[in-house]
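With the hints as a guide, dock the two chains, each given alone in a separate frame, to form the complex.
For reference, the chains in residue letters:
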Amino acid sequence: MADVNAAAESNGSKPNDVLEIVNLHVSVNGKPILRGVNLRMLRGETHALMGPNGSGKSTLGLAVMGHPNYEITEGRIELNGVDLVEMEADQRARAGLFMAFQRPVAIPGVKLADFLRHATTNVRNPNRKEGEELLPMREFRKELRSKMEHLRMDTEFARRYVNDGFSGGEMKRAEILQLAMLQPKFAILDETDSGLDADAVRLASESIAEIGRKNMGLLIITHHDKLLEHNPPDFTHVMLGGRIVETGGVELAAELYGHGYDRIRKAYPEAEAENRAMLEKEEPQTVA
Amino acid sequence: MASDLLSVPAGFAAADRPAGDDTIGEINKYDFRTESKPVFRAQRGLNRDIVAQISAMKGEPQWMLDFRLRSLEIFESKPMPRWGGKIDVDFQDIYYYLKPADKQGHSWEDVPREIKDTFDKLGIPEAEKKFLAGVKAQFESEVVYGSLKEDLAEKGVVFTDTDSALREHPELFREYFSTIIPPEDNKFAALNSAVWSGGSFIYIPKGVKIDFPLQAYFRINAENMGQFERTLIIVDEGAEVHYVEGCTAPMYTTESLHSAVVEIIVKRGARCRYTTIQNWANNIYNLVTKRAVAYRDATMEWIDGNLGSRLTMKYPAVYLKEPGARGEILSIAFASKGQHQDAGAKLVHCAPNTTGQIISKSISKNGGRASYRGLVRVEKGATNSKCNVVCDALILDPRSQSDTFPYIEVAEQDASIGHEASVSKIGEEQLFYLMSRGLTEAEASTMIVNGFIEPLVKELPMEYAVEMNRLIQLQMEGSVG
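Just so you know, the protein sequences line up as chains A and F, in that order.
Quick note on numbering: the numbering used here labels position 44 of the first sequence as 44, and the sequence is numbered without any gaps.
Residues are numbered in the numbering used here as their position in the second sequence, beginning at 1, plus a constant of 1000.
Hints were generated in silico from the structure; no laboratory data involved.
Keep in mind that the hints are not guaranteed to be accurate.
To be verified - Computed footprint of chain A on chain F, listed as stretches where at least three residues anywhere in the stretch have a Cβ under 8 Å from a Cβ of chain A: (1) 1431-1441; (2) 1452-1460.
What the hints assert, rightly or not - Just the calculated beta-carbon pair ranges, DEER-fashion: (3) F:1412 x A:136: 52 to 62 Å; (4) A:136 x F:1416: 22 to 32 Å; (5) A:279 x F:1409: 39 to 49 Å; (6) A:124 x F:1156: 50 to 60 Å; (7) A:139 x F:1463: 41 to 51 Å; (8) A:146 x F:1179: 51 to 61 Å; (9) F:1179 x A:157: 46 to 56 Å; (10) F:1047 x A:134: 50 to 60 Å; (11) A:103 x F:1213: 37 to 47 Å; (12) A:142 x F:1213: 27 to 37 Å; (13) A:202 x F:1367: 51 to 61 Å; (14) F:1213 x A:134: 20 to 30 Å; (15) A:103 x F:1090: 37 to 47 Å.
None of the values given here were measured: they were computed from a predicted structure.
Just so it is clear, CB atoms sit at the ideal spot from N, CA and C, and this is done for glycine as well.
Here chain F stands alone, though its shape is the one from the complex (with noise of 0.2 Å):
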């Protein structure tokens, strides 16, 4: 099998490759990515032939080729959740290694119809352009990146994508890469770690404070339309960062597999924002695994916006590993005809005098499942823990369903966790309020199911928040999904 799938130039090929990190210098004097890249025959199905191909055609040392061939295995050994949602993939019948001139050769046409509206209406130009190209990035922003490259790079600052960091910066990246998720964890994580291409690597240095969100979209990379995202976060000691993923406009692949990883670190006294607006079109899994390590008097806050897809998991967790930690996660799911969001949080004290919060709205509509799946766990150990849960349901409709698993395993006597739910429609006086001022029923259904996600929606960036009203309200007329 390995003999007629590609010609690999000498010096690329596995076995060819020294071990050790001494030799990623030398890889390097390849400049890699002006040489002219391997063909690479795009073609479906996942095993080790295509896992080492995807390591030759990006360079890799050996290690990561190791990495990948063992997650591989583990991927393969393990079974399929029984929980959650319906998974029905056909895991050899996938692309998993796309160059984006094959993206471009998706043609404009063969988009659905609602999603090229769904570009109309949120304004954005030359959608079809930039579709094929696989780039979200707009050119004012690639202006504006480039000072704030420079700006920066000054500070130390490291923000690139994966594959770029694991060749420029191989011992942090080898340092902390798969040490928050490792393979094992879950069926996904360890798909991804197989196959994983693009993301974002960020390290910020010990005491420096970035006061501007860093966006997903700045890195100018065709890969970023990946399925397979890796992204891993350091904060150093003292540091602050905000990183943004994600844009509103509806992602749509054909390939309708997207397991992403992130692992973010945050070290002693620093902070760390992951926000992701992702509006999945309805044929996508979006099966994400995301963790982060707090240490001591460190923040971690995910705010987590994932509307549509077929079919979501999410649990982005933060394990708050020394005192005075703590961690937020705010999660909005939203679903619609044909999508089921079973998404949640996972917070765990593992030292004393930790604390976190979590706050779940869901929202499901026109016979859509939203689910609240989350953990609260208080390891022995880890006295004077405060916790808040907090999960809010709105079903817009009788066809529409909302489910709440919430998980409390405490092994201390004096944690204080706290738990609300609650679950509502709209309500007919709220909505005959807003009527006789004027607005129609839709216009006063969307401004409730707004205001109902407001707690998540002001942590936003203004264009975010803009940008989540508006998805918002072409989710409750219908035009999405």
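Just chain A, with the same shape it has in the complex (with noise of 0.2 Å):
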């Protein structure tokens, strides 16, 4: 953990941390779905990534934050420099990456306030070994209840089992709950769920731009304009076939979500034609 914060320092007059992911290829149960993705980020930024079903974006996340059934056969993942493909989970976490899913998995019988103290205690102290103190319980409840009043959250809320028996909307908030909390320095959001209802996107949207995305690399895997209208994207990437075939700006989002992917497919055959074989043949991804 010490190399990736010292590269950061490093890194000339105006140190910044940044997130690159060079050439990934990644299989899942064998069969490839990324194909070389390449996208660079610094610390600050936000970046919409967009694309049909099928064309990966969820697995770049869970690629990205080292889902174990997420294959990397090819390519790295550099925070800093440090390559972190080698590394679990926990140890990107530590490292300063964090990932909102849409449907997270519940824990039964682990209150939430718990989970997020111990989650909190080893972000913040990287190098901690188990079974060390966790961080003091008086604090750590007044920061807790400060950010869930900030963020508009009942705080007898912290006391519920994670996500066990959430709605849509409760999910949310528990997930921006955490990213309050462990203010990572890049954070994936996945968005893909067009199920959820508007007002929650909303709140999420306005709630992470409260956080403070101009804090955090912010990578936005979404459907939904909403998002997008309280985080506007610095750059917004296409993905189809496992690739990413476009980048541009802000406009290129609000054309994706006026006309769809119809330009986008006629102007890259080769990845609309990766994409559909990927739809053809699909096996449900499994998003946590």
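This is the structure in structure tokens:
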């Protein structure tokens, strides 16, 4: 962990964290999904990641976060020059990565507050050994309460079991609370579930903006233009057939919302062919 | 055989003792505790003479001696159970009674490394001194208990060890003793009945509600570490009590057979909760018979957390004797390497309009075996019975094992009995989610396991809940057992 942070500081006169995905190839169950993705993000930038079904958006997020089922067959994921590919998910978290899931899994019997206390302790003290003291309860509670109030969340919510019986909106809020507490360098927000109600999305996007997207590098995987309303992207990337085929600015996002992916499909026929092949024999992807 | 053993002071030998309760007072006049005790030479084995000696040592009345001897016969006549775990014990190779001084003879060096480590990890200082003294109580609790004792005494509460209770409250004792679990009940109840020593005796008078838990280690008594504890709790009408036994420090004794009996009577409108948190070392056979009877509108709750041991067999039971009675059993079993937990519950509906609930959580790892064995019985006439059973098993690796043996016997048409069972392992998605927030795989696994047993842990008094979670952590690290 020291390397990652040291590297950031040594980056010249204006140190800024960099996340660089280089020629990333990822397979799931032996099946190639990502076929060479390149993307470079600075902390403080907002990137939108869009693309039709089967293009590999969620896969990219999960592979970067270190999901065990997503095998990196080639390429690198560099945080301030340090390759994360060999690292487990928890090490990546402690290096400063975060991923907000659309339908996060439930952890019955584990209170949100207890889980957050442990997570926050580890992320703020990346070199902490197992069994060492957690953040002092009183201070932690104070901070948690203050952040929850800021996000207009009822503090009772912290006593509930993680994602257990949460509505879609509650899950979203819980993810954002974690984002606010853990304060990652880079956050991947997976918003591909269009089934979520507009209010929840709006609240989420406002909260993210409030938390300070200028302090984080955001990679927003999305269908919803609502999210991007409050967090207009500095860069928009379009994926097709497991690759990023085009990158633009905020106007590209607007175009895709307005007109869909026809132009893209026509402009990149090889990628489109691969995308179609992917959908034809598509196995349900694991989404945490 | 009797001659070469010990010199029993006159008046204490069985033959000298007149029968009948009115002589108890006379024995008390000798102020038994301050009299120099007869010399008891510690010896292995089980026979009439040893049982008689135990009774003589304690200065018991004739009826108790007779009871013990009859129980011994029953024990000898009963076969070993052919179900449950494997009990590989030579009954003649055990000390059935040890004076506290003999227990002190064990040296700290003999205690297995991992037990000592656990004391360290649990942050228990001076463990050695306490271990050797056989007293779990800490100085602070002696002080605390001192003032509590007065308060309890004022209310008419009796809270003492079973030996003292027999002496000091003979009628009350005799009225209830062995009425819930007779020696004929099973082989190990018979054994306990023959050689019992120590345990708690509690009587809560009508209408008295104790709002703090009574804890076993409040009883300052070197026999706390007894292998054959006998506990008797009577909660009179409308009264309430919560009793907590055990402690999270590992129970290690060289004598590996522990067979306790707990009898509880909960009278009309009363409430009793009995909580056990026990962490047994790997050499221990923990075979316990626990049974409660609940009368009209009474509630009985067993919270049973037995971790470790070579073999545990425990099936806390509630007999719902009268309408409106309710029984709840929450049980955790955690079996690690070389451990077999055969645990469960028994709920018997004997009257109409009774309710019950069983929640069993078992965890097995590292080749351990954890089983649920439970009975729900609705007897004829017990109309409108409702009972729900949830038994969840968590198997942490392919080497480990879990079994479920549910028995449901229903003799009434309108009974509402639910049974849900689940078997799971730690989910990959759950692990990934927690790890993606910075928890290591081990921390994530422990957190998930703690969440698994949460329904039980949240019923524990705070300090036990904290200890329970820490115990799970230790078990998960594999450093205990």
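Verification of the hints:
{"no.": "1", "hint": "1431-1441", "in the structure": "holds (count 10)"}
{"no.": "2", "hint": "1452-1460", "in the structure": "holds (count 4)"}
{"no.": "3", "hint": "F:1412 x A:136: 52 to 62 Å", "in the structure": "56 Å, holds"}
{"no.": "4", "hint": "A:136 x F:1416: 22 to 32 Å", "in the structure": "48 Å, violated"}
{"no.": "5", "hint": "A:279 x F:1409: 39 to 49 Å", "in the structure": "55 Å, violated"}
{"no.": "6", "hint": "A:124 x F:1156: 50 to 60 Å", "in the structure": "55 Å, holds"}
{"no.": "7", "hint": "A:139 x F:1463: 41 to 51 Å", "in the structure": "22 Å, violated"}
{"no.": "8", "hint": "A:146 x F:1179: 51 to 61 Å", "in the structure": "59 Å, holds"}
{"no.": "9", "hint": "F:1179 x A:157: 46 to 56 Å", "in the structure": "50 Å, holds"}
{"no.": "10", "hint": "F:1047 x A:134: 50 to 60 Å", "in the structure": "56 Å, holds"}
{"no.": "11", "hint": "A:103 x F:1213: 37 to 47 Å", "in the structure": "41 Å, holds"}
{"no.": "12", "hint": "A:142 x F:1213: 27 to 37 Å", "in the structure": "31 Å, holds"}
{"no.": "13", "hint": "A:202 x F:1367: 51 to 61 Å", "in the structure": "52 Å, holds"}
{"no.": "14", "hint": "F:1213 x A:134: 20 to 30 Å", "in the structure": "27 Å, holds"}
{"no.": "15", "hint": "A:103 x F:1090: 37 to 47 Å", "in the structure": "58 Å, violated"}
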